[in-house]
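Quick note, the sequences are listed as chains Z and F, same order. With the working numbering as the guide, the letters of the first sequence map in order to residues 1 to 287. With the working numbering as the guide, the letters of the second sequence map in order to residues 1 to 737.
To be clear, the hints were calculated from the coordinates, so they are not data collected in a lab. All C-beta atoms, glycine included, are put in the ideal place defined by N, C-alpha and C. Incorrect hints may have been included.
[Unchecked claim] Straight-line Cα separation of at most 16 Å, EDC-like style, residue types lysine to aspartate or glutamate; simulated pairs:
(1) F:727 / Z:59
(2) F:319 / F:181
(3) F:26 / F:544
(4) F:727 / Z:253
[To be verified] To spell it out: a stretch of chain F is covered by chain Z in this simulated footprint if at least three of its residues, at any positions, have a beta carbon under 8 Å from a beta carbon of chain Z; those stretches are:
(5) 125-138
(6) 598-606
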Amino acid sequence: MPRYARPSTPDEAIALLAEGGWTILAGGTDFYPAQGARPIRDDILDIGAIEALRGIREDKGDIVIGAATSWTEIVRARLPMAFDALKAAAREVGSVQIQNTGTIAGNLCNASPAADGVPALLVLDAEVELASTRGIRRLPLRDFVLGNRRTARAADELVTAIRVPTASAAGRSSFFKLGARRYLVISIAMAAVRVETDLQGRIARCAIAVGACSAVARRLERLEADLVGRPADAAALGVIGERHFDGLAPIDDVRASAVYRMEAAREIVGRALADAFGTTAGQGVAA
Amino acid sequence: MTVHIRMDDRVEADRLEDMAQGVVGKPLDRPDGARKASGTAAYAMDSLPDGACFGVLARATIAAGRLEGVDAAAVEALPGVRAVIVDERMLRNPAQGMAGKAPVQDPHEIAYFGQPVALVVAESFEQARHGAIALVLRLEARAGAVVGPDDAGVEIETPEKKQQSSGDLDAAMREAVFGVDQTYTTPVHASAAMEPHASIAQWDEDRLTLRGSYQMLRFNRAELADALGIDEKNVRILAPFVGGGFGSKLGIAPEAVAAAIAAQRLGVPVAVPMSRQQVFEGVMRRSETTQRIRLAAGADGRLTGIGHEALVSNLPGEKFSEPVTQATPFLYRGENRVIGHRIARVNRTCAGSVRAPGEAVGVTMLEIAMDELAAAAGIDPVELRLRNIPDEDPTQQIPFSSHKLAEALRSGADRFGWDRRRTEPGQVRDGEWLVGMGMASAVRVNMLVEAKARVSLSSDGHALVETDMTDIGTGTYAILTQIAAEMLGLPMDRVETRLGDTDLPPGSGSGGSFGAASNGTAVFMACEEIRRMICERFGCEAHDLTLKDGRAIAGNRSVPLAEILGGEDLVAEGHAEPGDAEDKVRQATYGSYFAEVGVNAVTGETRVRRMLGVFAAGRILNAKTARSQCLGGMTFGIGMALTEEIFHDPRDGHIVNRDFAEYHLPVNADVPQIDVVLLEERDAWANPLQAKGIGELGICGAAAAVVNAIHNATGVRVRDLPATLDKVLEGLERQGG
Chain Z
1 MPRYARPSTP DEAIALLAEG GWTILAGGTD FYPAQGARPI RDDILDIGAI
51 EALRGIREDK GDIVIGAATS WTEIVRARLP MAFDALKAAA REVGSVQIQN
101 TGTIAGNLCN ASPAADGVPA LLVLDAEVEL ASTRGIRRLP LRDFVLGNRR
151 TARAADELVT AIRVPTASAA GRSSFFKLGA RRYLVISIAM AAVRVETDLQ
201 GRIARCAIAV GACSAVARRL ERLEADLVGR PADAAALGVI GERHFDGLAP
251 IDDVRASAVY RMEAAREIVG RALADAFGTT AGQGVAA
Chain F
1 MTVHIRMDDR VEADRLEDMA QGVVGKPLDR PDGARKASGT AAYAMDSLPD
51 GACFGVLARA TIAAGRLEGV DAAAVEALPG VRAVIVDERM LRNPAQGMAG
101 KAPVQDPHEI AYFGQPVALV VAESFEQARH GAIALVLRLE ARAGAVVGPD
151 DAGVEIETPE KKQQSSGDLD AAMREAVFGV DQTYTTPVHA SAAMEPHASI
201 AQWDEDRLTL RGSYQMLRFN RAELADALGI DEKNVRILAP FVGGGFGSKL
251 GIAPEAVAAA IAAQRLGVPV AVPMSRQQVF EGVMRRSETT QRIRLAAGAD
301 GRLTGIGHEA LVSNLPGEKF SEPVTQATPF LYRGENRVIG HRIARVNRTC
351 AGSVRAPGEA VGVTMLEIAM DELAAAAGID PVELRLRNIP DEDPTQQIPF
401 SSHKLAEALR SGADRFGWDR RRTEPGQVRD GEWLVGMGMA SAVRVNMLVE
451 AKARVSLSSD GHALVETDMT DIGTGTYAIL TQIAAEMLGL PMDRVETRLG
501 DTDLPPGSGS GGSFGAASNG TAVFMACEEI RRMICERFGC EAHDLTLKDG
551 RAIAGNRSVP LAEILGGEDL VAEGHAEPGD AEDKVRQATY GSYFAEVGVN
601 AVTGETRVRR MLGVFAAGRI LNAKTARSQC LGGMTFGIGM ALTEEIFHDP
651 RDGHIVNRDF AEYHLPVNAD VPQIDVVLLE ERDAWANPLQ AKGIGELGIC
701 GAAAAVVNAI HNATGVRVRD LPATLDKVLE GLERQGG
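So here's chain Z without its partners, still in its complex pose (with noise of 0.2 Å):
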């Protein structure tokens, strides 16, 4: 018989995964439709008891979401403009049931290649807090998520939380995500950015990223580079080339082909740097 644990604390946790065998379950709405007909033989290690892992604080300056706090919950929080893209996706992230369960650390690790939650993380320069008996170290978002379910977690190790630095808390941020219905949708493609500006209105840093469009969601440092010192306007997007899409690899599958993912994704990147600049009128997001 597999075994089923549900510890409270962290500690309890972290001591069960250096026995080693343990499949961690949080939200479930991964890992039980990936199940298919076949049986739960894994062992479970279900930490969807330990409160220490639910919601957001400051630490440091730092902004810290806790592992399993689920989407509907960073929806609500009080968060700078900057996670105005995050809130965006985590209202995308299947439909409200799903985000009233699913976890922001939970939709990391299941490692997706359409996993909403990515793009929004990495213009935000996330890291991921890992934990384990051996000690605590992070590791920036892009050298956590490795491929198409893969990441750099070891087997012992618990992902306790999500950081944001107070440095990249700053700017205006603009998801768009596009499927083949207007909600309750896989990605083909989605686009997250987030935009600094001086005071003369010009570009001071920016932060671009793609998801659905490669096995792992890929920041677009080029075009970066190329938009900073440009005034925040329509005018940049002139700029955008496609060059800066060199990075990409989507395949073909039922939703769309290779071909219209990469033109897509220069779309949706465009319009939501546009909706950055503000020169949409984005209001942020409704909790």
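We have chain Z; now place chain F onto it with these hints.
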């Protein structure tokens, strides 16, 4: 006392017009609405008997072959597991609608991936599911399974009875001034009813009671009895509430027979619920279609020829095949015709009736072809259709019973503002959105099916309507109550309707849009008989009697019903049957659809901005439930046009997108304001109510209005549905050079 009507001729008298209660036709709420909204209406799995065990179906993981056996012992040793059942009476697939006998049986012969082959029964659902998942099936795959209609080696039947031709279409095409010769495709569709299939079987000695989610109980009873090899008198089926069917619950299905076998063997009630994935794979799909459509027209756009040749698919041995061309023989004029029908035999989930079998996909593609003809001939699409309405059924050369297509087209065009449509595609731009309008005709054959109903008027002036007819969300409770209330002059709250129990008189069942008219006629006939009995007691002629608000009125007398009945109850049974009327006239319902879409020039997304449907279906019995049916149908149409598509794995035929996450029904945000207009119509050939079916009319061409609007917006013609964003964008880019 049973009173009978066989529809051999027109029924001249419009009796409902003479009635005084004033409830028929009104947009009244459903009497069952509060129970449904408050969660107290009991659907199949809500009525679990004490001590019930649960069964979960184990299913084949090969496209074709044999089940050599199962390793039952290992699963039977699991906690809570009571039995592993493999029984030769188990069904391969559900019965087709109105079959009245068992479909192919025996789980040892496997014909498609996902076919139920065993049932694991346990004390809890979770134990049963675990057992079904753990059960090792010894399967022997057969080489050469054919999983797609285009696969090499596929066997294609050309049934002689389903081919038709008149005149010389080839010559008509050669001589045509304007012509269309195109091939169109539609993908596999799922019914996707909200309530998953489930059955609970319970035996009392040799009597079986089955609670299930079914549409046509009198047929289902016969099918279940036949499958089990027992007398149907010993079978009772209960389905008081059904959470949608759309064809998927027409025939008895594998879970019902498996539940009955298990309950008998174990001597306890057994419930077999199906998961969403099992429903997608194991119930019924609408066949994919390939349709070659040829239209030949003169300079004035008048059709001289129509060709409509379809290729569909089904499992070996299934009699049903999607009747794609059902409305083509009579919708438009044209003396030279070819109707073709071919069936590919494939190892895929069984194909069966999905909402409006035939017209849903056949009229849709014909209406896209008509739009192509309109563009080629430079004739307005509405005008083109008006010019081609025939004076009589051009194939059978019989008159139409009534025909409101022209009115639906004109009135729809007027209401929608069709005159603002730009003839040339791609002329209207709203930011990055290209905006266009499209339209299509609606048509669906009208049917009457044998039905019986009992009406009892109690001595205190309350009425009870009883039939085994179902309400699958369509509004049967409402309209049968309304008909009885109208005929007996009672307020709605003094009439109760009981449905969904085979101990009650057998109705038609829900299917083919015939439920309201068929069972309504049976109720009407019973009420006429009760009125006759009241006349006898009251001492008046039938035409002098007025019944209103519980009183009988004749001449200057007005007396409470209770007084006339004098402590006596009046009971009558009505019986409606189809007759020669079907052969004397062509009966159908008609309508028109208009859609405005925005197509995003950079992403190819299509957003339907507004939509209108104008429908004529004889007398409308309840304006609210009728409108709801049309809204649902047109929403199906948006899905068919833009997103709905089942994918079969080309290796083994299994359904890849077998849930609501990946089978893309439109969500609320995809559906704009939809307006529905119901035209005044009476059809005396249909039945004494002069009402026709409206349940399916909303989907019989709706998708074409959307696809035609995409063309008007962009110039892109999508011929293989759905018109997903990548197809539309590719078309836009091709045009852009």
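List, from low to high, the hint numbers that the structure doesn't satisfy. 1, 2, 3
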